[in-house]
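Protein chains in written order, with UniProt numbering: chain A, 1 to 212; chain B, 1 to 212.
Treat the hints with care, since some could be wrong.
So, partial list: chain A residues that the calculated Cβ filter (under 10 Å) puts toward chain B [said to hold, decoys possible]:
1. Ser13
2. Tyr20
3. Val56
4. Met59
5. Ala62
6. Leu113
7. Ala183
Once the Cα atoms are required to be at most 25 Å apart in a straight line, the calculated SDA-like pairs of lysine to any residue come out as [said to hold, decoys possible]:
8. B:Lys2 / A:Tyr146
9. B:Lys2 / B:Gly29
10. B:Lys18 / A:Ile32
Everything labelled a hint here was simulated from the structure, so no lab data went into it. A quick note: this is a predicted structure, and the numbers were derived from the prediction, not measured. We put the CB at the ideal spot given by N, CA and C, even for glycine.
There are 2 protein chains.
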Amino acid sequence: MKLAELSERSGVSPATIKYYLREGLLPPGRRITATQAAYTEEHLRRLRLVRALIQVGRMPVATAREVLAALGDDALDHHMRLGAAVWALPHGPEPDEGDPAAVAARGAVDELLERAGWDFGREVGDESPAYRMLVAAVAALHRLGYPCDTAHLLPYARSAGQLAVADLDLVEEYEREEEQVEAAVALTVLYEPVLLGLRRMAEAEESHRRFG
Amino acid sequence: MKLAELSERSGVSPATIKYYLREGLLPPGRRITATQAAYTEEHLRRLRLVRALIQVGRMPVATAREVLAALGDDALDHHMRLGAAVWALPHGPEPDEGDPAAVAARGAVDELLERAGWDFGREVGDESPAYRMLVAAVAALHRLGYPCDTAHLLPYARSAGQLAVADLDLVEEYEREEEQVEAAVALTVLYEPVLLGLRRMAEAEESHRRFG
């Protein structure tokens with residue numbers, strides 16, 4: 001398809017598509033004349049992912065480029081490619097290792113992984129940016145004196161386990177491996193605001209039930 | 001307690017506390033000399049909440065001030081005060097009503113509320129910022145061509161329902177009504193990164209189980 005059709009089908013303006021091409025977020029099309037190139041369904045798919053990262057995930061172009069680079073690492077098996085791409089996403093503040101709250105948080109998180117039976121997470125530990133994101137978030141709760149013991153965290157871990165089953169079911173709706181890896185990244189980012197919105201609505205529902 | 005003790009117990013510097021006092025995020029202490037004031041446990045609690053909103057929630061001071069104002073509206077019953085305070089939080093982008101994706105998203109969300117049995121949410125509808133947040137998030141999925149039918153959303157709504165039970169259980173660990181309202185706001189904000197971190201870890205766990 002030509003640039004105009006790629007623009008129409010994606011809802012992204014030609015000027016923005018050209019910018020993404022210049023920035024290396026989209027691979028170049030197949031040149032057909034001096035001024036025109038042809039784009040494929042893969043370009044459309046990649047363009048959707050780029051929009052997800054930049055518009056919804058609010059990622060800088062350089063970060064989006066790193067995430068896309070991680071998608072294409074053929075040296076990894078399927079599980080590792082999924083993981084590598086998600087690991088390249090921004091994960092927020094890092095834990096401050098000098099802070100006693102971070103030490104306490106790490107203890108609570110490690111105990112949580114054990115009690116939840118997350119053996120992969122225990123094995124990978126600190127290497128995982130999601131682990132460090134969790135430690136930093138729990139440290140903030142701890143520092144401010146809000147409840148965040150392993151016992152408090154466990155129901156959240158159980159719900160996260162169910163969410164992950166739904167997430168991977170969505171990923172497996174895609175057939176080809178590279179589609180699955182792209183979808184894993186896009187859906188991780190795009191379902192975050194869905195989840196936070198649903199949680200706030202469910203809180204109102206539960207508050208109404210208890211106090212309404 | 002004096003300012004120095006308030007600073008030590010909260011981990012917030014005296015200069016920052018003075019800034020919050022000037023900005024009206026903290027009520028003034030009881031003046032004891034021309035240059036000194038006394039602060040109470042309530043100041044400490046409020047200060048922790050302010051830190052949660054500004055540091056973890058990354059809210060501008062003006063937004064934090066609105067959230068705090070909503071906490072103190074005595075005209076509302078307990079359920080409504082909890083709701084009003086959470087409604088004052090930032091909820092991200094609003095749906096674009098001219099966009100066909102937003103119309104489709106609204107249909108999917110309305111059907112979801114019906115199937116999940118969220119009668120309070122159906123009654124409040126569009127008035128709720130969490131509802132509009134959810135519609136905007138689902139519209140982004142729809143626009144980009146990722147799966148977001150009611151059937152896809154339903155498992156997320158069920159997990160959100162369980163999260164809300166955990167959230168309200170945490171809130172009810174506090175005895176007094178005003179503590180509960182403050183905790184509802186703080187815990188809504190502080191548990192968001194906990195939840196997103198746990199989801200990413202659980203995804204890695206589930207991916208390892210399926211493809212590892």
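Verification of the supplied hints:
no.: 1; hint: Ser13; verdict: violated (14 Å)
no.: 2; hint: Tyr20; verdict: violated (14 Å)
no.: 3; hint: Val56; verdict: holds (5 Å)
no.: 4; hint: Met59; verdict: violated (14 Å)
no.: 5; hint: Ala62; verdict: violated (21 Å)
no.: 6; hint: Leu113; verdict: holds (8 Å)
no.: 7; hint: Ala183; verdict: holds (7 Å)
no.: 8; hint: B:Lys2 / A:Tyr146; verdict: holds (23 Å)
no.: 9; hint: B:Lys2 / B:Gly29; verdict: holds (9 Å)
no.: 10; hint: B:Lys18 / A:Ile32; verdict: violated (66 Å)
Hint violations for this structure: numbers 1, 2, 4, 5, 10, all remaining hints satisfied.
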